[in-house]
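Asker: Residue strings, one per chain:
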Amino acid sequence: MSPRASSPLQPAQTKPASIRNFCIIAHIDHGKSTLADRMLQLTGAVEERVMRAQYLDRMDIERERGITIKSQAVRMPWEVDGETYALNMIDTPGHVDFTYEVSRSLAACEGAILLVDAAQGIEAQTLANLYLAMENDLEIIPVLNKIDLPAADPEKYAAEIAGLIGGSADDVLRVSGKTGEGVDALLDRVVGTIPAPVGDEDAPARAMIFDSVYDAYRGVVTFVRMIDGKLEPREKIQMMSTGSTHELLEIGVSSPEPVPSKGLGTGEVGYLITGVKDVRQSKVGDTVTNARTPAEQALTGYEEPKPMVFSGLYPIDGGDYPVLREALDKLKLSDAALVYEPETSVALGFGFRCGFLGLLHLEIISERLRREFNLDLIATAPSVIYQVQREDGELVRVTNPSEFPDGRIEKIIEPVVRSTILAPKDYVGAIMELCQSRRGTLDGMDYLSEDRVELRYRLPLGEIVFDFFDHLKSRTQGYASLDYEVDGEQEADLVKVDILLQGEQVDAFSAIVHRDKAYAYGVLMSGKLKELIPRQQFEVPIQAAIGARIIARENIRAIRKDVLSKCYGGDISRKRKLLEKQKEGKKRMKMVGRVEVPQEAFIAVLSTGETKKDAK
Amino acid sequence: MARLPDGDPAPADGALPQSAAEGADERAFGVYLHVPYCRVRCGYCDFNTYTADELRGTNQSSYIDTALTELSLAKGVMADLGASREISTVFFGGGTPTILPPSDLVRALHGMRDAFGLADGAEVTTEANPDSIDAAGLRELAAGGFTRVSFGMQSAVPHVLRTLDRTHDPARVPHVVEWARDAGLEVSIDLIYGTPGETLDDWQRSLDAAISYDTDHLSAYSLIVEDGTAMARNIRAGRVPEIDEDLQADMYEMADARLAEAGYDWYEVSNWAKSGLVSRHNLSYWQGADWWGIGPGAHSHVGGVRWWNVKHPSAYADRLREGVSPALARETLDEHTRWSERVLLETRIREGLDAQVLTAEGRQAVAGLIADGLLDAKAALAGRIVPTLRGRLLADRVARALT
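Here the protein sequences come in this chain order: A and B. Heads up: the first sequence runs through residues 1 to 616, numbered per UniProt numbering. Heads up: the second sequence runs through residues 1 to 403, numbered per UniProt numbering.
Hint data in this document are derived by calculation from the structure and do not stem from the laboratory. Just so it is clear, the structure is predicted and the values come from calculations on it, not from any experiment. For every residue, glycine included, the Cβ atom is placed at its ideal position computed from N, Cα and C. Treat the hints with care, as some may be off.
[What the hints assert, rightly or not] Selected chain B positions facing chain A (Cβ under 8 Å, derived; list incomplete):
1. 224
2. 285
3. 293
4. 299
5. 397
Chain A with its partners taken away, still in its complex shape (with noise of 0.2 Å):
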């Protein structure tokens, strides 16, 4: 075994030659944060006295959930045959909403770990980062974790590993993230198999940004590797996207704690701390430069955070809004990809329409503002955006189905995503059947092993925003596991269904739909609302319409009889009481026109039944 590395080498005069940068690749519970933890004990890096589980997972959400939301970067010791190493452990995001964080993740390191679960073998989510991984030239160190579970299946998955990455399934190293088994070992294949940063140690200095997170204590932290050159500290940097100039107020290394250091050399690791107050001001894949010296050329691959899915979010009681205001601008500060602006629904009163990478983005934040704001929402359903050429010309952008102009139209495009299904081989007929329900169509299919299979179909975005994953879950008793990624676009022949309540439209139950679909939407909703809707002192119809067309229609009978027959001496205060709990109950109705809707309707309408969506 290694020793301990006796002396780490310190920040800012540490030769490329000496550095090893890295990820982890790794499914949710495939055990990458147990793994990292025995790597941060192992080295020294976090003492034994101030370990904790999950030691570099900072959100209670992502410790709850398991789900790395933001990255993070680890610098450790490391020695082998005397020479003293520093390992830069990059933290990378572990699901497909953010696919470009985990891009620049990759770009920041040489090597990447390939870490999967001995008892369940590789997941879609981590075949996507693998592709990723290779397509960045990253040298791959396949490696099962948990050998040390009972239902471990370390041949059969080595051999699975092997077939996706080439070389020999005796080459996939076999580690216990939980007994420590096999880990100096696979620091060890780190320095010897990872290459070494290359970069010009005398060019003008280019840092990119890997992440960039919000502390309410020091603002923004922003992580970056030198690609070139160094940063010192007090000295300005420039952002070479926006060309703003910042004081270098801190510098440093993360071990795992910040140590601020006399500088960051090429090649190396650390953070960055300026005083800004707005992840905005320092965006992932943006290149840091010296403002006196600036670098000629920004470093490739920078893109702006691009908003796939759309949600309107509105407080349940519409005393919130204030608060959900506050709460977004504050989420806005750690979160450079979420945006919104104010959105008023008839139904629903004030909220806003918020843009989100995708579906776990979403309930990430959803969650957050419950959690940490404590805040009743109701999300309306998810929508994606549809660029609609009316007759005229005019092209207009709908990410909410109250913007679907009126009158003709020429054409309609969605996005489309290219995804990848693992199951079980039994599924296959159940994915497809569901797939192709989703006007989705095959674009191949591979086994990985004897019994997996790895589906890759083209699908409208919007045919997956709403309940796909759930439904491919329940197909499967939950085998599927799901990743997408955005491919352009297609023409689609969509239309708006409306749903009215009394002739009175109800914005917030509008969506988007393919016209074969149309039916049995508008069908399943007035279905729906009429179990959901309480009995009026009136008769209420529900009818769902195209434009002018009505497509469906159910009737809710007026209520006949809503009174206590008997109300004597004794029954007074009990009858008062009742009366008062039901004004009560009242206020949480929203009325849509003379309609009391209760809350509950809206939810169970605008959600798929299975809130909850783990990020398997």
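Let chain A serve as the given structure and place chain B on it in line with the hints.
Answerer: Below, chain B without anything else, positioned relative to chain A:
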């Protein structure tokens, strides 16, 4: 059994706050006496009643003596308050008051007369089960000062009576009505509609029978299935069908039409009377009068203070034996609560509510309620808030809209 409301503690001597005396001269004063015994308990009943004769520390034969102890406490409290006045109405309810010998009931009435005095023309009613009273008993009651009897007929249809656990022979009802009339008593009968399994035809039979007895007064209640009753358990277990509120509405409309045809005028959601022979005692509940309720679980109201007695006859007897008020808890209504009770109660009656009493918001809501056919437009134009037939069936909605 119906749960008692939550309230503030009531003082051991039963004393009332001085505020309760305000305006007492303008309010009628009544006495309710609860008899907490029945021969059998009906499956739908959630009233405070017991079938055992002998409960710890009390029994049926000593019950009136115990009740008279509370009466003397009432006399003292009302005198101290300076709000003592003659009794306008008396009502014996239960349970089954006629499970006690008529002499006991008469003795209790005399106790009331001695304590407060009985106003000229006072109305004195007792509830009676058709099978727990006979001609002689009715004569004895009339002679003792009772003016009115209300029979629990419920239905004329045997299978409906069975579902309700009512044991009387429906054929006996016309006879007891006749005997009561012969004794010089005003007569009312109670009906229940919407019993599980009861059809519209069944209900029509019961209505026709009741109308043929030509009583002065008639009450018809939709069956309410209260939590904790045997019937609620039977419905939950699927042994008895669910209550169909739409059918109950049909039955109510049928009742109102047939009764109107037969010369009965509605004067409260569930009450109809001929020739103005309304139940003055019950009307006083809806019009905010004062009354003292005697007996276990009985509720009282004096000048905006509502209180209720301990429920169990043993606990009730214990308290009175120790010279402590049987009141378990009470509430002193604030201005707003008194107002909302007034709206709630007066919109149930034919006389209606003075529109001036409503808030500006409430007056705004009146137009919508007229448009939906819940309030009588003509009455509203004349300044009274009176429900229509449909409005009576939706009286709780009317109250919510106006408060």
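Asker: Now tell me, hint by hint, if it's right for this structure.
Answerer: So, going through the hints one by one against the coordinates:
1. Interface hint at residue 224 of chain B: satisfied, since its Cβ lies 6 Å from the closest Cβ of chain A, which is below the 8 Å cut-off.
2. With a least beta-carbon distance of about 5 Å to chain A, the hint placing residue 285 of chain B at the interface is held under the 8 Å criterion.
3. The beta carbon of residue 293 of chain B is positioned within 8 Å of a beta carbon in chain A (closest approach about 6 Å), and the interface hint is therefore held.
4. The beta carbon of residue 299 of chain B is positioned within 8 Å of a beta carbon in chain A (closest approach about 4 Å), and the interface hint is therefore held.
5. Satisfaction of the interface hint for residue 397 of chain B is found here, the shortest Cβ-Cβ separation to chain A being roughly 5 Å, below the 8 Å cut-off.
In summary, the structure agrees with every hint in the numbered list given earlier.
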